[in-house]
Amino acid sequence: MACLAASWRDVVAAEDALGDALVSALETWPRVGVPDNPDAWLLAAARRQLIDASRHAKVEASAQPVLELLVGQAQHEVVPGTVFPDERLKLLFVCAHPAIDEAARAPLMLQTVLGLDAARIASAFLIAPATMSQRLVRVKAKIRDAGITFEVPGSRELPSRVDTVLDAIYAAFGSGWEDAGADPRRKGLAEEAIWLGRLVVRLLPEEPEALGLLALMLHCEARHDARRDTTGRYVPLDQQDVTRWSSAMIAEAEEVLATAASAGKPGRFQLEAAIQSAHARRARTGHTDWEAIALLYEGLLLCAATTGARVGQAAALAQARGAEAGLTALDAIPPDSVATYQPYWALKAHLLKRLGRADDAEQAYARAIGLAEDSAVREFLSRESAG
Amino acid sequence: MKYTILVYENTADFGARTDAKRKDAYWGAYRAYTKALTDAGVMVGGAGLQPPPLATTVRLRDGKRQVQDGPFAETKEQLGGYYVIEVPDLDQALDWAARCPSASNGSVEVRPNLSM
Chain Y
133 MACLAASWRD VVAAEDALGD ALVSALETWP RVGVPDNPDA WLLAAARRQL IDASRHAKVE
193 ASAQPVLELL VGQAQHEVVP GTVFPDERLK LLFVCAHPAI DEAARAPLML QTVLGLDAAR
253 IASAFLIAPA TMSQRLVRVK AKIRDAGITF EVPGSRELPS RVDTVLDAIY AAFGSGWEDA
313 GADPRRKGLA EEAIWLGRLV VRLLPEEPEA LGLLALMLHC EARHDARRDT TGRYVPLDQQ
373 DVTRWSSAMI AEAEEVLATA ASAGKPGRFQ LEAAIQSAHA RRARTGHTDW EAIALLYEGL
433 LLCAATTGAR VGQAAALAQA RGAEAGLTAL DAIPPDSVAT YQPYWALKAH LLKRLGRADD
493 AEQAYARAIG LAEDSAVREF LSRESAG
Chain E
37 MKYTILVYEN TADFGARTDA KRKDAYWGAY RAYTKALTDA GVMVGGAGLQ PPPLATTVRL
97 RDGKRQVQDG PFAETKEQLG GYYVIEVPDL DQALDWAARC PSASNGSVEV RPNLSM
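Note that the protein sequences, when read in sequence, are chains Y and E. Numbered per my numbering, the first sequence spans residues 133 to 519. Numbered per my numbering, the second sequence spans residues 37 to 152.
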């Protein structure tokens with residue numbers, strides 16, 4: 133798909149052509165056998181489809197030499213054993229192009245690079261399936277009509293463009309561990325996001341932030357099984373049974389993060405991964421260094437002052453220096469940004485309770501429970517509120 | 037835009053309303069959800085409904101009244117209440133619907149209101 137779209141610059145047409153090629157493969161292969169290089173066969177068939185389709189559409193004469201070139205390529209590529217270039221990096225950059233609506237970038241990536249269907253993506257992002265389909269169709273039309281180029285950006289532009297690719301992958305991963313109890317797997321796309329993260333690392337091995345994102349996702353995913361106890365109850369991070377963490381995933385995360393750090397170019401994802409790495413250390417040392425975590429958050433806030441990071445910092449400060457310090461940090465967050473941000477209210481309730489302010493705590497617990505989506509989290513907060 | 041969140045509950049959830057062990061959790065979750073809607077300034081109105089056995093359905097057919105005990109259709113999940121909210125778009129209405137306690141066990145339907 134990436135190969136076709138990159139040479140044709142039209143995601144919709146490439147998808148249609150590949151679909152037709154697959155149909156003709158289903159018709160042909162059972163009769164004559166599977167070709168030695170099925171990928172190349174499909175690519176060649178799809179290219180013929182594209183060429184036929186555009187001839188029908190009466191392409192301008194100027195496009196003719198390009199068509200002939202492609203016909204040549206298509207014939208060339210049916211030679212067994214031919215390896216065609218990995219164009220997925222270009223496709224990733226197109227999907228996360230700044231001209232494309234930010235909310236559509238991750239869904240577009242999941243559909244075009246991973247081939248997920250629109251209904252599944254819609255569920256993961258809690259969007260009506262019809263709306264999601266329309267959005268995907270609209271952005272693909274924009275890619276074609278606005279002439280967004282299928283190219284890896286030049287070195288000057290590269291860092292900011294890589295950031296948008298990584299942001300989209302992170303959006304697919306889920307809202308992150310700090311979302312009191314948010315289980316990224318609930319969205320069902322944690323594995324897909326990690327797959328995309330590995331792909332970017334393979335295609336851009338020199339990019340420390342890509343490594344940082346992969347390390348971050350691996351650390352979060354390593355704790356998947358520990359987020360619920362054996363009876364299905366929600367368990368907060370600092371009470372998780374470390375023997376239920378995946379030591380293999382943590383080891384990989386640590387190795388990836390070390391490689392990232394050796395570049396000497398810290399960034400948002402590396403810092404977030406470092407915070408998770410500090411939490412993971414509890415498996416070896418038996419305790420959590422909250423001062424270190426608070427300090428890492430301070431660094432994180434300098435490069436990405438998100439509400440999530442500010443709430444995370446407040447939690448670390450509360451652990452390191454007491455509930456009062458945590459509450460002060462929470463109160464400094466603009467109220468508008470936390471009106472419906474569940475983790476803020478969960479943390480606030482917890483700190484108010486620790487300070488003995490029972491009435492205020494009860495109000496905050498009610499707010500946190502009302503904003504929770506996960507029934508296990510709702511039950512956890514009810515127990516905390518009552519106990 | 038105004039949207040109505042229709043809350044469909046299963047028999048077990050209707051039972052939780054009066055079950056000694058489960059009622060505190062049930063009502064606590066709904067009180068909290070309602071408060072969150074109000075605090076966020078999106079609440080327009082709504083009501084919780086008594087369970088389906090208390091429903092009475094009325095039809096007029098060929099000028100004749102037909103009155104039936106129970107809800108209009110026997111389904112596993114029945115309407116248990118509704119909220120009317122005012123939010124900018126469907127995406128945000130779905131965000132609120134997902135937080136509704138019954139979304140975990142029953143079903144929550146979101147419909148845009150007709151403007152009259």
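Hints are computed from structural coordinates only; laboratory data are not their basis. Please read these numbers as outputs of a predicted model, since none were measured by experiment. One thing to keep in mind: the hints can contain errors.
As the list claims (entries may be wrong) - Calculated cross-link-like contacts (lysine to any residue; reagent style SDA-like; alpha-carbon spacing at most 25 angstroms):
#1 Lys57(E) <-> Gln266(Y)
#2 Lys485(Y) <-> Tyr66(E)
#3 Lys57(E) <-> Ser469(Y)
#4 Lys71(E) <-> Glu516(Y)
#5 Lys38(E) <-> Tyr473(Y)
#6 Lys397(Y) <-> Ser378(Y)
#7 Lys38(E) <-> Gln266(Y)
#8 Lys59(E) <-> Arg267(Y)
#9 Lys57(E) <-> Lys38(E)
#10 Lys38(E) <-> Ser469(Y)
#11 Lys38(E) <-> Ser514(Y)
#12 Lys57(E) <-> Ser514(Y)
#13 Lys59(E) <-> Ser469(Y)
As the list claims (entries may be wrong) - Which chain E residues face chain Y? A few, computed with CB under 10 angstroms, are given here:
#14 Leu73
#15 Gly81
#16 Gly82
By construction, the Cβ of each residue, glycine as well, lies at the ideal position given by its N, Cα and C atoms.
Exercise. Looking back at the numbered hints, which does the structure fail to meet, lowest number first?
Worked result: 1, 3, 6, 8, 9, 11, 13, 15 and 16
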